[in-house]
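K.L.:
So the sequences go chain by chain: A and B. Note that the working numbering gives residue 232 to position 211 of the first sequence, counting from 1, and the numbers run on in steps of one. Note that the working numbering gives residue 114 to position 93 of the second sequence, counting from 1, and the numbers run on in steps of one.
Quick caveat, the hints were computed from the structure, so don't treat them as lab data. Be aware that a few hints might be false.
Just so you know, same-sequence chains aren't split out, so a pair can sit in one copy or run between any two.
DSSO-like cross-link-like pairs, simulated, lysine-lysine; straight-line CA separation at most 30 Å [stated by the list, open to error]: (1) K127 - K287; (2) K120 - K109; (3) K258 - K226; (4) K23 - K208; (5) K146 - K258.
All values reported here derive from a predicted model rather than from experimental measurement.
Number of protein chains: 2
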Amino acid sequence: MKCFVTGGAGFIGSNLVDCLLPYHKVTVYDNFSTGLLYFLKPERKGLTIIKGDLLDTSFLMNAMKGHDVVIHLAANADVRFGFNQPDKDITQNTMATFKVLEAMRKNKIDKILFSSTSAIYGEPKIVPTPEDVEFPQQTSLYGASKLACEGLIEAYCAGYNMTSWIFRFVSILGERYTHGHVFDFYKQLKAHPDHLDVLGDGNQKKSYLDVQDCISAMLDVADECDAPVNIFNLGTKEYCKVKDSIGWICDYLNLQPEIRYSGGSKGWIGDNPFTYLDTDKIRSTGWKPTHTIKTSVIKTIKYLENNPIVMERS
Amino acid sequence: MKCFVTGGAGFIGSNLVDCLLPYHKVTVYDNFSTGLLYFLKPERKGLTIIKGDLLDTSFLMNAMKGHDVVIHLAANADVRFGFNQPDKDITQNTMATFKVLEAMRKNKIDKILFSSTSAIYGEPKIVPTPEDVEFPQQTSLYGASKLACEGLIEAYCAGYNMTSWIFRFVSILGERYTHGHVFDFYKQLKAHPDHLDVLGDGNQKKSYLDVQDCISAMLDVADECDAPVNIFNLGTKEYCKVKDSIGWICDYLNLQPEIRYSGGSKGWIGDNPFTYLDTDKIRSTGWKPTHTIKTSVIKTIKYLENNPIVMERS
């Protein structure tokens, strides 16, 4: 099969490419705004790397020609900064996804895997939150932009007989992790081991999934489920407080920094203070995660220690 | 109050302007792609008419300056043809709404009324469909584009302290109605009174609301409800089959055409064969519609008979 992976040089994309390459031909399409060639080992057989932007309509359409499936991971994933740059999420997520769908339609490619997010649930009334929870209200531009992508994908499936697999991720951790709070904490502690600045009061409850578990879930489901639209929450059956992950990181690094909380139940406007997804649906397919949150947090810190290039670049 | 009405020269917009003008200053912003100056009686005191496009960012921003509230009705409302022109809904609805929100933010205008649609419910499992039904799957690009608008508006309310009133309309009928099946049927019967071509099998169940009732609901709710995001279904407590409205129209026109059904439960891809909204929430505010579907269908036909310019233009 010929797979076209947008954002294939990024954190999740490059790990996915590693899993696909033994079995499939893979084209990575990435603008390298946050992705790294370092993640890709470009000399591998069956791997094509194209530097391109999703908004470059005709270039994208030509690049996509002849593929069987699109795995659309490219996105602005900086949920926190949406309200500082309100055009970024709608352009890089919603419009970019529209361009991907149009290129697929014109190239007669009818299968798409898509990375959505728990952020589309806003601040849900039901926690753990199932896929069919009541109509959510958006609290972030990131969530709003990804919800718009989901809607577009569903409409394309209805109108043009495509098949989609939409995955609503909790925060993902693991090798090649390049942004998010574990990254920020590690970066701070490298710069000043005596103190750590934390947004919110540290009691925000968050869910995480290891990138390897995330990828096995995506590939399993795409193999097994073939409704026109297949939507799955991806996460583990646990959550932790921000304080917990700080504790694990400091223990592992053998540091006792002063923790300076900015206060408030949210880390930023649009931050959901309790993210925890109901993952019964994905588990009913037989998939199970193999990492706990704690092991994945520590695995992530080890990766960052052993790959200073990732820190230097940020 | 100074009201900025996008799409103010259109069907619903121009009726709304008539209701606002006795009490408020009104600016109509319309590109006149479907709106008509004929609907506006431009010489009225307190009325300013600006021909402009919502995608013209700086022109829009200047035009909006100094207003207190935005009533955003401009949209591509041709739900049926979305899959023939897939960029139209995302551009004219989603991107245009983003431009409106940005112009509001930059002009420090914090109130928006927005015309959404029952189409965002796709083919809901629960009928009559309440506002908080389970997370819907999109079946049309029109629905997907309006869902994206709702998400953007909600996020802007969360991030920039705006207040929004979002109305999910069933099909609207009444004076200045310029598109939709009652219009199509009347146009056909004018051209060839002996037969009528109908999409689907005629058993599609549809809901309608008279434009005057629609406007009174919008204005009542905006007066009374002040949550950051106020979402209301708008419709009546009845629905009819397409066959019923054909019967009323033919009776009124005293015609017995041969009815030629194209067949199938849907009129087109993305058509929801049973649209019926739960309107208990809007009714709980005290609002009640004053027209039945039948009286509104006939009122619409009378309007089209008396205003041939509307038919000629189409």
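K.L.:
None of the hints should be skipped; say for each whether it holds.
P.N.:
To see whether the hints hold, each was checked on the structure:
{"no.": "1", "hint": "K127 - K287", "result": "between (43 Å within a copy, 26 Å between copies)"}
{"no.": "2", "hint": "K120 - K109", "result": "both (15 Å within a copy, 13 Å between copies)"}
{"no.": "3", "hint": "K258 - K226", "result": "within (13 Å within a copy, 43 Å between copies)"}
{"no.": "4", "hint": "K23 - K208", "result": "neither (38 Å within a copy, 50 Å between copies)"}
{"no.": "5", "hint": "K146 - K258", "result": "both (18 Å within a copy, 28 Å between copies)"}
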